[in-house]
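Visitor: Residues per chain are reported as follows:
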Amino acid sequence: MDGLRKGLTKAREKEGFFGRLKALFLGKKEIDPNLVDRIEEVLLSSDVGVKTTQLLLEDIRAGLARNELSDNDKVWDALRQRAAGILEIGGGGLALDARPTVVMVVGVNGVGKTTTIGKLATKLKAEGKTVVLAAGDTFRAAAVQQLEIWGKRVGCEVVSGKDGANPGAVIFDAIQRAKEINADVVLADTAGRLHTKTNLMEELTKVSRTMGKALQGAPHETLLVLDATNGQNAMSQAALFREALPLTGLVLTKLDGTAKGGIVLGICAEHGIPVRYIGIGERADDLRDFAPDEFVEALLGQGDDTTDAAA
Amino acid sequence: MFDTLTRGFRQARNRLAGLTELTEQNIDPALREVRLSLLEADVEIGVVKAFLARVKAKAVGQTLESRVKHAGETQSVGASEIFIKICHDELEAMMGHEGGEIVFAESGPTGIMMVGLQGSGKTTTCAKLARYLEADGKKPLLVAADMQRPAAVEQLKVLGEQLKVPVFNVPGASPVEICSAARAEAKRLGRDVIIYDTAGRLAIDEPLMQELADIKAKASPENILLVIDSMIGQDAVKTARSFHERLSISGVVLTKLDGDARGGAAVSVKEVTGAPILFSGVGETTDRLEVFRADGMASRILGMGDVVGLMKDFEQVVDQKKAEKDAERLLSGDFTLDDFLEQVRMIQKMGSLKDLVDKLPLGGMFPGGLPDNVNLDDKELVKIEGIINSMTRQEKADPYALIREPRRVERVAKGSGTPANAVSELVQKFLFMKQMMSGLGQNLGMMGKIPGMKQMAMARNMKKMMQTGGMPMPGMGMPGMGLPGMGMPGMGGFPGMGMPGMGMPGMGMPGMGGDAASMTKMAKLSAPERNAKKAQRKRERDARKKGRK
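Top line first, the protein sequences correspond to chains A and B.
So for the first sequence, our numbering puts the first residue at 1; every next one is plus one.
So for the second sequence, our numbering puts the first residue at 1; every next one is plus one.
Treat the hints with care, as some may be off.
To be verified - Cut-off 20 angstroms, straight-line C-alpha distance, at most; resulting in silico cross-link-like pairs (PhoX-like, lysine-lysine):
#	chain 1	residue 1	chain 2	residue 2
1	A	179	A	125
2	B	56	B	85
3	A	197	B	379
4	B	379	A	206
5	A	51	B	49
6	B	49	B	85
7	B	545	B	534
8	A	162	B	157
Honestly, the hints are just simulated from the structure, not real lab data.
Bear in mind that the values here come from a model prediction, so they are computed numbers and not experimental data.
Bound conformation, chain A alone:
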């Protein structure tokens, strides 16, 4: 909880998404006739997107029309509830029911897939699990070395092929290896790819199928990594990755910057894929379980005196 707050400090401060909303509300005693417009602007500038913003505002508008939202606090609560409601669609940490549980990690270039795997491995290792990393990014220069360095740091086995090797084959081998050593989890890295490259997306579908051949039911989890600095294009990423693969969750990275990651609201609303983890820094332990309540709570800064004062 503390870590989450720390990571989200930026988002909570004056310029933060809900922080600004709050400043907006606290600054006025009565409801401003332009309030809805201004909320809209705040939502839009947090990358929430036009469609989701309208969705969120529908209730507010209706409530205002019915005179249910008599003051700013009530508008505040209504908005918060609506936002949290969208994000509360299951999720939680990895379900480690199968042995080994195979987790496939996908996403566009540069969102932080390999780093997320490194952090996830650290986390699982700390929980006493045996982890095998599969270096499925055989395309990008030195991606394998990057994962190997993480493997060394965390202290877990990395199965890799040569550069340019078939990613499916590498991950297949990794799953076999995990079975041999009776590991708990296989974390499979894949090369970053733009969701619009049909052939590369087909390759992912194939890789996923190959995993199923190595182990019945694999991949048990398919996580899409999203960069919190991304804007509306993340919607398109989610839509097309979901078309190619049965996504079971999202990982939202780079939340330690000034970006708000508001786009996940839209993705959760539209696709119903829950956020599972958030990345809040470059260190190995900067990965947190995503909890909608905490997330919204932290963004809102309610019950946190220092932020209230700042707002």
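Start from chain A and add chain B according to the hints.
Guide: Just chain B now, kept in the frame of chain A:
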């Protein structure tokens, strides 16, 4: 993808359709659509406001001429066209710049420092830039100063090795130390450009931003380029502003533009920093770096396609003179399967069909985007290549031979590992295309019905227009497929793209195959050909009769 993204602009245009005057009242609904469209494109909200204010100021009170003469054709121009043109020009102006390329040092090696957020594509861009500069006769040195991300140094080394460009790094040293030492290394190796790859960092990370400032002080590079992911959202403005305030960047590189991101960040970043956008990254391999063009980007946001970009692609792979000759031969009907094959190969060199189509202004022609059943399968091109390669020289020069003697078709089918009907289909379509092209100019009555054909005939005029730099009036440019890029350098579009409506192999437009086949009958046939056709028709008739029994 493209279609839905630019819906807002199309709606804005529709709202103004039929109007003859732009007033404060009638422009507002259109501006609202544009606002939403730009927000969807990730243009920062403040920048959107500035843009709308400027468009409004320019648009209101425009006197509209209902007809203008352009390129010898009288075009009808309404309020909507004028409005879109104003939007286009304003967008272009906001992203464009004068001069401001890479600045080269008057003496000693030129420094280019690359900075940006994590994962924006700095390391890849460094390699691309090295390749770009080398093609320009420079001798770059890559400096690996990202000591933060595991294996980042390795990555640059691998890329440097691929390009045969030296990569400098001091294991265990700090980024500042490495960058300070790079100049001496460049002199030692006789390199004249130094490209510094720095670690990705957040603009709010004070120690790391200080590190960049230190590197700048020590290395005093002539250029500091901010690398921005084209998928970035509203945060673009904050990021760009912080980097600019700290380092006063000299330029911007916009990466990952090969996806479907609208790239609104281009507008935002230019607006807040004033630094010109110099390059765009359009693919993962080191050759995918293009000089940024504001007009192409404005067209992309508006949904007009990027015809100039497509033309550039052609230029890279096409021998201009030969292409023009090919085009002339195509228009005169003197075009063989060998030429056709060459076109196919050229298209393959240009990248995937999807990339090509994305650059075409298809929005006007297929308001709902490309139909789902249009199959942009690059493998089709390989098949076409296989089929043509399995033909004898005589068959390639005279494809009618394949129609006259069906056994040839069988042989080609066996040789290329394709079914016989695929071979005849290719031949028929080729003949159809050839005939159509040769009839162009005289035969526009019929051709005019096919989208783009008219423009195709105007290819020569269009080319002239492009050279004088005139932008075709938007209304006119929209529907055209036979636009300059397609039309002139090579008519290369044909084999793979298949002029929509022509049912060429690569795309397999639905429902056109049959027509294409029947069209070939209009050719003047020699006596044996006529006989062969007659015989074939008789066979078909008999077969049908049999079927009825």
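Visitor: Next, verify each hint and record whether it holds.
Guide: Hint check results:
1. 179/A - 125/A: holds, 17 angstroms
2. 56/B - 85/B: Given pair residue 56/B, residue 85/B holds - Cα atoms ~13 angstroms apart, limit 20 angstroms.
3. 197/A - 379/B: holds, 15 angstroms
4. 379/B - 206/A: Roughly 18 angstroms between the alpha carbons, so the hint for residue 379/B and residue 206/A holds.
5. 51/A - 49/B: At roughly 19 angstroms apart (the allowed maximum being 20 angstroms), residue 49/B and residue 51/A satisfy the hint.
6. 49/B - 85/B: holds, 18 angstroms
7. 545/B - 534/B: Holds: residue 545/B and residue 534/B sit about 16 angstroms apart, inside 20 angstroms.
8. 162/A - 157/B: holds, 16 angstroms
This entry satisfies every hint, going by the numbered hints stated previously.
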